[in-house]
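Please work from the sequences and hints to get the whole structure.
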Amino acid sequence: EDKVVQSPLSLVVHEGDTVTLNCSYEVTNFRSLLWYKQEKKAPTFLFMLTSSGIEKKSGRLSSILDKKELFSILNITATQTGDSAVYLCAQETSGSRLTFGEGTQLTVNP
Amino acid sequence: NAGVMQNPRHLVRRRGQEARLRCSPMKGHSHVYWYRQLPEEGLKFMVYLQKENIIDESGMPKERFSAEFPKEGPSILRIQQVVRGDSAAYFCASSPWFRAGSYNEQFFGPGTRLTVL
Numbered sequence: 001e002d003k004v005v006q007s008p009l010s011l012v013v014h015e016g017d018t019v020t021l022n023c024s025y026e027v028t029n030f031r032s033l034l035w036y037k038q039e040k041k042a043p044t045f046l047f048m049l050t051s052s053g054i055e056k057k058s059g060r061l062s063s064i065l066d067k068k069e070l071f072s073i074l075n076i077t078a079t080q081t082g083d084s085a086v087y088l089c090a091q092e093t094s095g096s097r098l099t100f101g102e103g104t105q106l107t108v109n110p
Numbered sequence: 111n112a113g114v115m116q117n118p119r120h121l122v123r124r125r126g127q128e129a130r131l132r133c134s135p136m137k138g139h140s141h142v143y144w145y146r147q148l149p150e151e152g153l154k155f156m157v158y159l160q161k162e163n164i165i166d167e168s169g170m171p172k173e174r175f176s177a178e179f180p181k182e183g184p185s186i187l188r189i190q191q192v193v194r195g196d197s198a199a200y201f202c203a204s205s206p207w208f209r210a211g212s213y214n215e216q217f218f219g220p221g222t223r224l225t226v227l
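Same order as they appear, the protein sequences are chains W and B. Residue numbers are given in this note's numbering: position 20 of the first sequence equals residue 20, and the series is strictly consecutive. Here this note's numbering runs 110 ahead of the position in the second sequence, where the first position is 1.
Just so you know, these hints were derived from the structure itself, not from any lab. Keep in mind that the hints are not guaranteed to be accurate.
Unchecked claim - Calculated cross-link-like contacts (lysine to aspartate or glutamate; reagent style DMTMM-like; alpha-carbon spacing at most 25 Å):
#1 W:LYS40 <-> B:GLU150
#2 B:LYS154 <-> W:GLU102
#3 W:LYS3 <-> B:GLU167
#4 W:LYS40 <-> B:ASP196
#5 W:LYS40 <-> B:GLU151
#6 W:LYS41 <-> B:GLU128
#7 W:LYS40 <-> B:GLU215
#8 B:LYS154 <-> W:GLU39
#9 B:LYS154 <-> B:GLU167
#10 B:LYS161 <-> B:GLU182
#11 B:LYS137 <-> B:GLU167
#12 W:LYS37 <-> B:GLU215
#13 W:LYS57 <-> W:GLU39
#14 W:LYS56 <-> B:GLU128
#15 W:LYS3 <-> B:GLU151
#16 B:LYS137 <-> B:GLU215
#17 W:LYS57 <-> B:GLU215
#18 W:LYS3 <-> B:GLU150
#19 W:LYS40 <-> W:ASP66
#20 B:LYS172 <-> W:GLU102
#21 W:LYS3 <-> B:GLU182
#22 B:LYS154 <-> W:GLU26
#23 W:LYS3 <-> B:GLU215
#24 W:LYS67 <-> B:GLU178
#25 W:LYS41 <-> B:GLU151
#26 B:LYS154 <-> W:ASP83
#27 W:LYS37 <-> B:GLU150
#28 W:LYS41 <-> B:GLU178
#29 W:LYS41 <-> B:GLU162
#30 B:LYS172 <-> B:GLU128
#31 W:LYS37 <-> B:GLU151
#32 B:LYS181 <-> B:GLU215
#33 W:LYS3 <-> W:ASP66
#34 W:LYS40 <-> W:GLU102
#35 W:LYS37 <-> W:GLU15
#36 W:LYS41 <-> B:GLU215
#37 B:LYS137 <-> B:GLU150
#38 W:LYS56 <-> W:GLU102
Here it is as structure tokens:
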């Protein structure tokens with residue numbers, strides 16, 4: 001079974017800090033890697049990564065994929081309290097199913 | 111432009127009763143996926159459906175669970191004779207039709223939180 005591992009499982013920072021969240025995955029039938037933000041409700045789509053080495057950015061968030069080393073990182077700069085959430089990484093395999101990691105619980109304190 | 115809609119948002123059932131969870135995909139989306147999130151665990155894939163077809167049900171428990179996506183109306187996830195271990199958040203996601211080799215992100219609904227007493 002495909003496995004996605006996220007680290008750290010939880011992280012507490014102060015406003016203004018920069019954080020890096022990690023996600024490693026397995027290569028079997030890989031199609032894409034996705035990042036979602038979950039705040040006690042629906043996971044909200046952040047990024048889809050399919051190509052190695054190409055950074056995707058959206059405001060203070062950015063993400064990159066390394067298909068050789070089988071990992072992805074999600075960076076958040078100048079964190080705000082509204083960034084507090086669980087960040088989920090998911091691998092899409094052929095057949096379109098998503099395999100999720102356990103998530104990183106990020107808490108940003110004022 | 112409404113997103114993925116799920117109802118009910120909260121559902122309480124007693125052991126042995128049936129639970130029916132509904133999902134209406136985003137407009138223009140013809141692919142529906144159901145995921146389950148147990149307390150303190152990540153999202154786990156259950157089933158992938160297109161209109162009138164089950165494409166992949168490899169994540170569905172073999173007994174008591176079934177899913178459908180009829181030609182008209184929402185997708186239904188049905189759990190018969192619920193047990194306490196079925197208590198979880200059930201999320202539905204949808205994506206548009208895509209050609210082989212292309213990529214489409216899945217958009218999630220707000221989930222149905224099932225509590226079995």
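inquiry  = Hints numbered earlier in the text: which of these fail when held up against the supplied structure?
reply    = Hints 14, 19, 21, 24, 29 and 37 not satisfied by this model.
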